[in-house]
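> Residues per chain are reported as follows:
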Amino acid sequence: MRRATSNLCANLWHSSSFRPANYSSHAALTKDRYKVQRGKYASLTDKDVRVFEEIVGKTRILTDDADVEAYNVDWLRSVRGFSKCVLKPKTTEEVSAILKYCNERVLAVCPQGGNTGLAGGSNPVFDEVVISTSLMNNILEFDSLSGVLSCQAGCVLEQLETFLLEQGHMMPLDLGAKGSCQIGGNVSTNAGGLRLVRYGSLHGNVLGIEAVLANGEIVNCMSKMKKDNTGYHLKHLFIGSEGTLGFVTKVAIQCPVNPKSINVALLGLESYDKVLEILKTSRRDLGEILSSCEMMDLDALKVVEENLKLRIPIKECPFYILIETSGSNSNHDEEKLALFLENALDKKVVLDGTQASEPSRIKQIFELRERIAEALLMDGFLYTYDFSLKPVDFYSIVPALREHLKNLPNVLRVNGFGHFGDGNLHLNVTSKEYSKEILNTIEPFVYEWVSKVGGSVSAEHGIGFKKTGAVKFSKTPQAIKLMQQMKGVMDPNGILNPYKVLPL
Amino acid sequence: MARVLVGVKRVIDYAVKIRVKPDKSGVVTEGVKHSMNPFDEIAVEEAVKMKEKKLATEVVAVSCGPSQAQETLRTALAMGADRAIHVEVPAGDYETLQPIHISKILAKIAQDEKVDIVILGKQAIDDDSNQTAQMTAGVLDWPQATFASKVEKKDSELHVTREIDGGLENIKVKLPAVLSADLRLNEPRYATLPNIMKAKKKPLKKVTPKDLGVDISPRIQVISVEDPPVRQAGSIVPDVDTLVSKLKEKGHC
Ligand SMILES: Cc1cc2nc3c(=O)[nH]c(=O)nc-3n(C[C@H](O)[C@H](O)[C@H](O)COP(=O)(O)OP(=O)(O)OC[C@H]3O[C@@H](n4cnc5c(N)ncnc54)[C@H](O)[C@@H]3O)c2cc1C
Ligand SMILES: Cc1cc2nc3c(=O)[nH]c(=O)nc-3n(C[C@H](O)[C@H](O)[C@H](O)COP(=O)(O)OP(=O)(O)OC[C@H]3O[C@@H](n4cnc5c(N)ncnc54)[C@H](O)[C@@H]3O)c2cc1C
Chain Z
1 MRRATSNLCA NLWHSSSFRP ANYSSHAALT KDRYKVQRGK YASLTDKDVR
51 VFEEIVGKTR ILTDDADVEA YNVDWLRSVR GFSKCVLKPK TTEEVSAILK
101 YCNERVLAVC PQGGNTGLAG GSNPVFDEVV ISTSLMNNIL EFDSLSGVLS
151 CQAGCVLEQL ETFLLEQGHM MPLDLGAKGS CQIGGNVSTN AGGLRLVRYG
201 SLHGNVLGIE AVLANGEIVN CMSKMKKDNT GYHLKHLFIG SEGTLGFVTK
251 VAIQCPVNPK SINVALLGLE SYDKVLEILK TSRRDLGEIL SSCEMMDLDA
301 LKVVEENLKL RIPIKECPFY ILIETSGSNS NHDEEKLALF LENALDKKVV
351 LDGTQASEPS RIKQIFELRE RIAEALLMDG FLYTYDFSLK PVDFYSIVPA
401 LREHLKNLPN VLRVNGFGHF GDGNLHLNVT SKEYSKEILN TIEPFVYEWV
451 SKVGGSVSAE HGIGFKKTGA VKFSKTPQAI KLMQQMKGVM DPNGILNPYK
501 VLPL
Chain A
1 MARVLVGVKR VIDYAVKIRV KPDKSGVVTE GVKHSMNPFD EIAVEEAVKM
51 KEKKLATEVV AVSCGPSQAQ ETLRTALAMG ADRAIHVEVP AGDYETLQPI
101 HISKILAKIA QDEKVDIVIL GKQAIDDDSN QTAQMTAGVL DWPQATFASK
151 VEKKDSELHV TREIDGGLEN IKVKLPAVLS ADLRLNEPRY ATLPNIMKAK
201 KKPLKKVTPK DLGVDISPRI QVISVEDPPV RQAGSIVPDV DTLVSKLKEK
251 GHC
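Chain order of the listed sequences is Z and A. Per the UniProt record's numbering, the first sequence starts with residue 1, numbered consecutively. Per the UniProt record's numbering, the second sequence starts with residue 1, numbered consecutively.
Misleading hints may appear alongside valid ones.
[To be verified] Pair ranges (Cβ atoms, derived):
hint, chain 1, residue 1, chain 2, residue 2, range
1, Z, Lys260, A, Asp215, 30 to 40 Å
2, A, Asp155, Z, His332, 32 to 42 Å
3, Z, Asp143, A, Glu226, 26 to 36 Å
4, Z, Lys348, A, Pro203, 53 to 63 Å
5, A, Leu168, Z, His332, 26 to 36 Å
6, A, Lys206, Z, Glu335, 54 to 64 Å
7, Z, Leu412, A, Asp155, 29 to 39 Å
8, A, Gly26, Z, Glu166, 48 to 58 Å
9, Z, Asp285, A, Glu226, 27 to 37 Å
10, Z, Glu166, A, Gly167, 26 to 36 Å
11, A, Lys53, Z, Glu335, 32 to 42 Å
[Unchecked claim] Derived lysine-lysine pairs resembling DSSO-like cross-links, with alpha carbons at most 30 Å apart:
hint, chain 1, residue 1, chain 2, residue 2
12, A, Lys153, A, Lys33
13, A, Lys21, Z, Lys363
14, Z, Lys363, A, Lys154
15, A, Lys246, Z, Lys348
16, A, Lys201, Z, Lys309
17, Z, Lys363, Z, Lys347
18, Z, Lys40, Z, Lys315
19, Z, Lys336, A, Lys201
20, A, Lys53, A, Lys246
21, A, Lys49, Z, Lys363
22, Z, Lys315, Z, Lys35
23, A, Lys153, A, Lys51
24, A, Lys246, Z, Lys90
25, Z, Lys315, A, Lys198
26, Z, Lys309, A, Lys150
27, A, Lys201, Z, Lys348
28, Z, Lys31, Z, Lys47
29, A, Lys205, A, Lys33
30, A, Lys33, Z, Lys309
31, A, Lys153, Z, Lys336
32, A, Lys246, Z, Lys363
33, A, Lys114, Z, Lys260
34, Z, Lys47, Z, Lys84
35, A, Lys198, Z, Lys348
36, Z, Lys90, Z, Lys47
37, Z, Lys315, Z, Lys348
38, Z, Lys58, Z, Lys84
39, Z, Lys406, Z, Lys432
40, A, Lys53, A, Lys154
Bear in mind the hints are in silico, worked out from the structure with no lab data behind them. No residue lacks a Cβ here, since even glycine has one placed at the ideal position from N, Cα and C.
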């Protein structure tokens with residue numbers, strides 16, 4: 001009897017620490033697939049390895065090909081480096097010693113957190129030394145009055161969330177990769193995610209950062225104050241710079257109180273016009289309790305049904321919206337939501353829908369949205385784009401791209417989903433295997449499209465390795481020049497995550 | 001055609017971490033999210049399916065407990081039950097309410113409402129008693145088909161596949177009968193918005209155990225509720241040989 005109960009829970013409880021099991025494309029080496037030239041960096045020698053061993057000890061250095069393999073390939077299996085060495089420091093001082101040595105030797109390094117980045121930023125392009133934060137996972141302090149948490153960069157997002165729940169708080173960000181991604185990686189990519197619509201971006205929520213510069217100097221900007229206008233706001237240089245300006249070692253972040261009442265509704269709609277209407281009415285009628293507003297097209301939701309066997313609980317509709325409300329009073333929230341939903345049904349804005357306030361159900365409904373990326377990857381190869389677009393332009397690129405790709409028989413799917421409340425579309429194309437032809441048909445077509453309507457070619461995933469050529473579609477030459485000058489000042493030898501972010 | 005009675009219990013949601021009260025008198029329920037017992041959802045689904053297949057005329061949902069039990073009944077109504085009966089048991093009394101009491105209540109309602117089939121979850125995930133269906137059948141002196149993973153109606157009989165240790169058992173029961181739903185019986189539906197709206201207007205009747213003539217005075221006394229022992233921290237061994245010898249030491253191989 002007991003076994004059946006735990007089976008039930010195992011079935012319904014999805015562990016978010018995952019890696020898709022079946023993928024058909026074994027990633028080619030980045031240097032071959034994308035034709036890049038190695039920079040003038042030193043190559044790793046036995047002596048270097050001995051120096052590293054002295055810094056981190058013999059057990060926290062990996063040099064065996066089989067051990068290093070996982071660090072060389074990204075989550076999407078779209079890039080592959082051939083680093084021979086992974087270092088796992090535990091302290092800021094160890095990171096500092098490693099970088100000081102690498103800078104003197106002009107050995108290139110690649111910072112890595114949970115390796116869930118979607119732009120190929122977390123993996124070496126050639127033989128860069130990987131510095132993994134996985135063992136820098138101590139929670140340092142939590143102040144329950146201010147709600148400020150300080151921790152090391154390698155804390156896994158879900159670990160922090162679990163810790164905070166015990167204290168009645170939660171992280172200001174949440175994303176599908178929470179079981180694996182680390183706060184240092186989140187900060188370095190300025191990750192957005194599902195709660196941004198309510199709690200704002202990491203530029204607002206991160207109060208302090210400690211980082212190590214390329215030359216090994218430690219920059220301590222670990223303010224735990226909400227307001228700190230002393231001089232230039234250096235922490236913002238590390239937020240979203242994807243490991244190219246410094247190595248983040250500690251983070252202080254403000255964490256909201258965990259809401260007592262959470263409700264979720266999944267709605268099915270017949271057209272994009274109705275989707276826009278829901279955007280307006282949800283903001284108007286749910287106001288301050290709206291905490292997520294996600295959109296998926298039918299094709300995107302079908303992927304989790306087909307590849308992960310999740311059940312779509314309502315009838316098939318061209319568009320779906322997932323709405324979450326969070327508040328401090330369940331009666332108040334439920335009344336508001338009920339009124340909003342009744343209106344939407346009466347006015348035929350919504351064709352079908354379901355609603356949940358039970359944590360188990362909420363989890364099941366969110367999985368439909370959160371596991372799309374994982375499900376898409378099971379098709380084989382995923383070309384994924386992450387755009388910021390105005391609500392009016394948000395979806396039109398999906399049918400346009402579908403049309404543009406219609407003569408390529410190897411394209412399996414073209415779909416769109418994303419953080420609709422923030423105007424952030426994830427545009428996806430899949431094929432069984434990587435195809436240069438498909439890639440060259442998608443790019444620069446999609447970038448030109450986004451640039452024309454004044455959107456951003458990278459909303460939250462960053463530039464990494466794969467999108468360096470796209471920066472020019474969203475930034476002027478003057479802006480790019482200033483970025484290059486900043487890089488020159490902070491990392492004159494260019495050892496920090498080379499070939500990333502800035503146009504090559 | 002049959003009338004079906006389903007029991008639905010409000011339990012702490014299974015995604016919530018259970019906490020024992022500091023005085024060890026029970027677990028903390030206040031401010032904790034609850035939901036319908038998952039096995040009861042399966043029971044409701046089966047009853048609603050019977051109605052959709054025109055094997056049943058009416059589905060009646062019952063829940064015993066304090067006023068919040070009505071939320072669980074509304075969920076059952078939104079899933080497709082036709083009407084609901086809330087057996088009001090004040091929070092204080094509810095703590096010592098046992099399967100013996102529930103089965104007497106259900107048996108009385110089954111008779112009053114002239115039902116032909118009672119479907120209950122095989123157990124509730126909070127107390128894990130696994131007794132209510134069996135005792136209800138006992139009180140009524142009706143046949144029982146417990147741990148059902150498949151139910152088919154043939155004339156005035158039900159053909160039921162039961163999940164038993166090491167396999168499946170096929171049995172026939174004459175109506176009226178009591179069933180208990182096992183995990184694989186079906187996949188319960190989500191209540192859709194239009195149905196949630198409709199459920200608000202469906203009838204919900206309130207009765208007390210006294211109205212039904214059932215004595216709910218406690219038969220047991222809770223002495224202490226405690227957390228399971230904390231799992232001991234693991235340790236890292238340097239090599240396989242040490243691992244094997246440690247396992248041998250503890251008698252694991
Ligand atoms: C009564 C009163 C109440 C106040 N309350 C608050 C408060 O609640 N919170 C708070 O934060 N501050 C407060 N302040 C101070 C606050 O900083 C200023 O009021 C305001 O933000 C400055 O705006 P300003 O246009 O007057 O700038 P100025 O005083 O003209 O300039 C401020 C600084 O910005 C520079 N600057 C101005 N414009 C530009 C520009 N376009 N480009 C580059 N540099 C520029 C100036 O060189 C100077 O260094 C208060 C001040 C007063 C007098
Ligand atoms: C299923 C899935 C869902 C996702 N959903 C979202 C989402 O909703 N919103 C969103 O914004 N992103 C999302 N992402 C991508 C997101 O950017 C990453 O998941 C996450 O923020 C990266 O964290 P990480 O620890 O895995 O970093 P990595 O992937 O290891 O690294 C990312 C970048 O940061 C650098 N870096 C890592 N740690 C440090 C450090 N300590 N110091 C300096 N540089 C460092 C790396 O060099 C690399 O350039 C998703 C990814 C997946 C796989």
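> Determine for every hint whether it applies to the structure shown.
Hints, one by one, checked against the model:
1. Taking 30 to 40 Å as the suggested C-beta distance range, the pair Z:Lys260 and A:Asp215 conforms, at roughly 38 Å.
2. Roughly 53 Å separates the CB atoms of A:Asp155 and Z:His332, a value that falls outside the hinted 32 to 42 Å.
3. Evaluation of the 26 to 36 Å hint for Z:Asp143 and A:Glu226 yields a pass: the beta carbon distance comes to about 33 Å.
4. One distance hint, 53 to 63 Å for the beta-carbon pair Z:Lys348 and A:Pro203, is violated here, with the actual separation near 28 Å.
5. Checking the proposed 26 to 36 Å range against A:Leu168 and Z:His332 shows it is violated: the Cβ atoms sit about 49 Å from each other.
6. The beta-carbon spacing between A:Lys206 and Z:Glu335, approximately 23 Å, falls outside the hinted interval of 54 to 64 Å.
7. For the pair Z:Leu412 and A:Asp155, the beta carbons lie near 50 Å from each other, so the given range of 29 to 39 Å is not met.
8. At about 21 Å, the CB distance of A:Gly26 to Z:Glu166 disagrees with the hint of 48 to 58 Å.
9. Taken as a hint, the range 27 to 37 Å is violated for the pair Z:Asp285 and A:Glu226, whose Cβ atoms sit roughly 46 Å apart.
10. Range check, Z:Glu166 to A:Gly167: about 43 Å between beta-carbon atoms, so the 26 to 36 Å window is missed.
11. Range check, A:Lys53 to Z:Glu335: Cβ separation about 37 Å, and the 32 to 42 Å hint holds.
12. Between A:Lys153 and A:Lys33, the direct Cα distance comes to roughly 37 Å. Violation of the 30 Å bound is thereby established for this hinted pair.
13. With a CA separation close to 26 Å, the supplied pair A:Lys21 and Z:Lys363 stays within the 30 Å bound.
14. At roughly 39 Å between alpha-carbon atoms, Z:Lys363 and A:Lys154 are farther apart than 30 Å, so this suggested pair is violated.
15. Between A:Lys246 and Z:Lys348, the direct Cα distance comes to roughly 67 Å. Violation of the 30 Å bound is thereby established for this hinted pair.
16. Simply put, A:Lys201 and Z:Lys309 have alpha-carbon atoms about 35 Å apart, too far for the 30 Å limit, and the pair is violated.
17. For the suggested pair Z:Lys363 and Z:Lys347, the alpha carbons sit about 29 Å apart, so the restraint of at most 30 Å is met.
18. Straight-line distance between C-alpha atoms of Z:Lys40 and Z:Lys315 comes to about 58 Å, which puts the hinted pair past the 30 Å bound.
19. The suggested pairing of Z:Lys336 with A:Lys201 holds, with an alpha-carbon distance near 19 Å, which does not exceed 30 Å.
20. With a C-alpha separation of about 59 Å, the suggested pair A:Lys53 and A:Lys246 falls outside the 30 Å cut-off, and the hint is violated.
21. A threshold of 30 Å between alpha carbons decides the hint, and for A:Lys49 with Z:Lys363 the separation of about 26 Å falls inside it, so the pair holds.
22. Distance restraint check for Z:Lys315 and Z:Lys35: the Cα-Cα separation of roughly 46 Å exceeds the 30 Å cut-off, and the hinted pair is therefore not satisfied.
23. Note on A:Lys153 and A:Lys51: the hinted pairing holds, with a Cα-Cα distance of about 12 Å set against a maximum of 30 Å.
24. Between the alpha carbons of A:Lys246 and Z:Lys90 the distance comes to roughly 29 Å, so the proposed pair stays at or under 30 Å and holds.
25. Taking the CA atoms of Z:Lys315 and A:Lys198, the gap is near 18 Å; set against the 30 Å cutoff, the hint holds.
26. Proximity of Z:Lys309 to A:Lys150 is assessed by CA-CA distance (about 22 Å); at most 30 Å being required, the pair is judged to hold.
27. With a C-alpha separation of about 20 Å, the suggested pairing of A:Lys201 with Z:Lys348 holds against the 30 Å cut-off.
28. Restraint check for Z:Lys31 and Z:Lys47: the C-alpha separation of about 26 Å stays at or below 30 Å, so the hint holds.
29. This hinted pair checks out: A:Lys205 and A:Lys33 have alpha carbons roughly 24 Å apart, not beyond 30 Å.
30. Between A:Lys33 and Z:Lys309 the CA atoms are separated by roughly 27 Å; this keeps the pair inside 30 Å, and the hint holds.
31. Of the supplied pair hints, the one linking A:Lys153 and Z:Lys336 is violated, its CA atoms being roughly 44 Å apart against a limit of 30 Å.
32. The hinted pair formed by A:Lys246 and Z:Lys363 fails the criterion: a straight-line CA distance of about 40 Å is larger than 30 Å.
33. Between A:Lys114 and Z:Lys260 the alpha-carbon distance is near 42 Å, which puts this suggested pair outside the 30 Å criterion.
34. Distance hint between Z:Lys47 and Z:Lys84 is fulfilled; the C-alpha atoms sit about 14 Å from each other, no more than 30 Å.
35. Taking the CA atoms of A:Lys198 and Z:Lys348, the gap is about 16 Å. The hint holds against a cut of 30 Å.
36. Straight-line distance between C-alpha atoms of Z:Lys90 and Z:Lys47 comes to about 22 Å, which keeps the hinted pair within the 30 Å bound.
37. The suggested pairing of Z:Lys315 with Z:Lys348 holds, with an alpha-carbon distance near 15 Å, which does not exceed 30 Å.
38. With a C-alpha separation of about 15 Å, the suggested pair Z:Lys58 and Z:Lys84 falls inside the 30 Å cut-off, and the hint holds.
39. For the hint pairing Z:Lys406 with Z:Lys432, the CA-to-CA distance comes to about 16 Å; that is within 30 Å, so the pair holds.
40. Our distance criterion of 30 Å between C-alpha atoms is met by A:Lys53 and A:Lys154, whose separation comes to about 13 Å.
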